[in-house]
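Protein chains in written order, with the numbering used here: chain E, -4 to 451; chain S, 60 to 364.
Treat the hints as calculated values from the structure; they're not laboratory data.
Distance ranges between label pairs, derived from CB positions:
1) Gly121/S <-> Thr440/E: 33 to 41 Å
2) Ser182/E <-> Val137/S: 40 to 48 Å
3) Pro232/E <-> Arg214/S: 36 to 44 Å
4) Arg160/E <-> Val215/S: 33 to 41 Å
Cβ coordinates follow ideal geometry from the N, Cα and C atoms, glycine included.
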Amino acid sequence: MKIMCQYVVALCCAAALLSGCDAVRRSGGDASEEVKVEVAVFEGGYGVHWHMGVARRYEQEMAAQGRTVRVDLWGDPRLSEKIKPRVLRGDPPDLVLMHDLPLWLLIAAGKVLPFDDVLDQPAVGADGRWRDLFMPGMLATYRADDRTFAVPSAVQAWACWYDARLFRRHGWTPPATWAQFMALCDSIQATGIAPLAFQGKYPGYAWFTFISLVQRCGGLAAINRINLMEEGAFRHPDVVWAASLLQDMARQHFQRGAMAMTHTESQLQFVNNQAALIFCGLWLHNEMKASTPPGFEMRCFTVPAVEGGKGNPRLINGAGSEFFFVPADARRPEEGFAFARYMISPRNAPEMGRAIGVLSPLHGGTPREALDPPLQSAMDMIDQAEGFFYERTFELLLEWTNQVMQPGLAALLRGELTPEAYCAALDRGMAEAKKNPDLIIPVYTPFDLTQFGETS
Amino acid sequence: MNRDYGRSIFIAVFLAPALVLFTAFVALPGVRALLYSLQRWDGLTEARWVGLDNFARLFREGDLFLIALGHNLFLLAVAGSLILVLALAFAAMLHRRIRGAGLFRVAFFFPNVIAAVAVALLWILLYSATDFGVINAALGAFQRMCHSFGWDWPRVPLPFPFLDSRYLLYSLIPMMVWSAVGFYMVLFLAAMEGIPEEYYEAAKIDGATPLQQFRHITLPLIREVFTVGVVFLVITSLKFFDPIWVMENQRPTRDSHVLTTLLYQKVFTEYNVGYGSAVAVMLFLLVFCATLISLKLSRAERVEY
Chain E
-4 MKIMCQYVVA
6 LCCAAALLSG
16 CDAVRRSGGD
26 ASEEVKVEVA
36 VFEGGYGVHW
46 HMGVARRYEQ
56 EMAAQGRTVR
66 VDLWGDPRLS
76 EKIKPRVLRG
86 DPPDLVLMHD
96 LPLWLLIAAG
106 KVLPFDDVLD
116 QPAVGADGRW
126 RDLFMPGMLA
136 TYRADDRTFA
146 VPSAVQAWAC
156 WYDARLFRRH
166 GWTPPATWAQ
176 FMALCDSIQA
186 TGIAPLAFQG
196 KYPGYAWFTF
206 ISLVQRCGGL
216 AAINRINLME
226 EGAFRHPDVV
236 WAASLLQDMA
246 RQHFQRGAMA
256 MTHTESQLQF
266 VNNQAALIFC
276 GLWLHNEMKA
286 STPPGFEMRC
296 FTVPAVEGGK
306 GNPRLINGAG
316 SEFFFVPADA
326 RRPEEGFAFA
336 RYMISPRNAP
346 EMGRAIGVLS
356 PLHGGTPREA
366 LDPPLQSAMD
376 MIDQAEGFFY
386 ERTFELLLEW
396 TNQVMQPGLA
406 ALLRGELTPE
416 AYCAALDRGM
426 AEAKKNPDLI
436 IPVYTPFDLT
446 QFGETS
Chain S
60 MNRDYGRSIF
70 IAVFLAPALV
80 LFTAFVALPG
90 VRALLYSLQR
100 WDGLTEARWV
110 GLDNFARLFR
120 EGDLFLIALG
130 HNLFLLAVAG
140 SLILVLALAF
150 AAMLHRRIRG
160 AGLFRVAFFF
170 PNVIAAVAVA
180 LLWILLYSAT
190 DFGVINAALG
200 AFQRMCHSFG
210 WDWPRVPLPF
220 PFLDSRYLLY
230 SLIPMMVWSA
240 VGFYMVLFLA
250 AMEGIPEEYY
260 EAAKIDGATP
270 LQQFRHITLP
280 LIREVFTVGV
290 VFLVITSLKF
300 FDPIWVMENQ
310 RPTRDSHVLT
320 TLLYQKVFTE
330 YNVGYGSAVA
340 VMLFLLVFCA
350 TLISLKLSRA
360 ERVEY
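So that you can see chain E by itself, here it is in the shape it has in the complex (with noise of 0.2 Å):
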């Protein structure tokens, strides 16, 4: 009974000690005169080294303007899972890189502040205000109600990738057209390489190749029949369309076990010149960067028009990425706001490009010295188009997109589905979807057709 009453006391004693420590820690913010702001940042290809940097400075800076900001960035490669709970229970961080977060979730829970104050103000280390700085399309992804509730730090956009190396050796040069791309498939795939990679084990990878089809096949009418989820917008004969010369590409030029390859293996399966081609976001460069061997030359081109297609082949498969936002909950949401108006501003987007290989959502935000070949190569790509587009759907139904879109794709690609049943059952999931009470649709802004020549 004696050594049971120490062991109480004892216990007592430990619990009084670690709750005096947490005032301690609690108390020790609030006395300084110190402000902290917490940013968390997704630690995916691009690492948190960079933002760790401009982190530093922008303390320095603000120093000097007699504030003592103290900015707590970490990363992490769960991002989300770290940052769900703390939303849950008000507790977020001031900044939040966004990564596989339902993003329009916490915007209609009203979890999101918006930028638009923020994006009013002067931007950093440029005349005029932030807004203006975006090139056109940057700030569309996250915007309804007039609103804008993520800042891009990235600009993305979707690429056919080439070794410039192989092809000058065999004399192929980059098609503009879709015949010529089959063409250039059966030219490579008669020296013995397999002409196309693909990361079959992410069927998802190929939507954007298709979504591309689309426009080129369709126009930016059938992209916006798809956004705004009108009924019938994948039976669309442009669509059907373009599901058809996808299957066609996959069931003739797909490398033989590439449904079975994952994003690396089917990467290192292109960097070593056992596929000619691969289909895929900016990030490749960076994400192979530690696999690409000595004279591999990666470049990039568009996906090519189509012949008889009514959409502007100038037009890319891009918008903004990385995206930041403020949590609602946050403590010090108007410095969170801050440090990203800092962060993604001219002054810093020339360095972003040389360390990370990022290319700024900014215009001319980008050196082209900055960059590397294969990122430079991406620059003329965009700097060569007239617009971007993008495709809402996958990141708005979820479950759509889990149980109906991408094994969809995966047996239309296999040749397991026919174009015509693949676009019926798109159709048919998204009805199926749009009946859930709790389905988030936010206002959609139909891209103007004529802005980029193109007409219904």
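Add chain S to chain E, keeping to what the hints say.
Chain S in isolation, oriented as in the chain E frame:
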């Protein structure tokens, strides 16, 4: 009286930490999951009561729940049977003191000590459709050898996509057998070691063959342990998660979902906490029923010689 009271306190003090932990981390979350299963909730905003809607959805035609359950049962039936048969066979051989029994015992048990994720990664490399894939390389060499003899066999285009979602469940079977058979073998072997040698000697004198000895002595006398093995297998098959999650790169499909991957995807990818919790409740009920049935069977009359 005073002494009894002190003893009760003593017992309570020792039980309390376990009870507190069990209540906090098992019982309460279990009750919460049951409540979530009656709600429509995305995990971030206000929840709404929907009664048994989530459960009704599970049994709707074409719903993934029944498909995933079917996959669990397939793995249990095919891989589970193979594991039991092979484990029994290996245990019986080791029990008969074949040469190198100790080595075999370690070799068979070894995969069991490797983490499930590591096992999955290992088999991903074995099955890979790239140049790293040992199995595809071996098949390729075999195919070339057959061709050199003029045989057009095996008639599959290589590399074979073992890790394609369509074939994944089949590809899992060798992996499951390889990684689990050692555990069950050791379990059965321990039971066999407990059978008195005299029974076998008497049977030999009566002219019983080794197969007859196995059927009429070994099997009846290890029945209780065998039942425990079956219970383990049923529970393991229903809770099967890691290898599929790893081999499907966190994106299982209709072809490869099992109950646990479906649960995870619904809750953490699609933010459908209500539906995911309903799957969890059904999973609990299935494991509970399977355990009850197995326990009932194991309580059947004990064999004595």
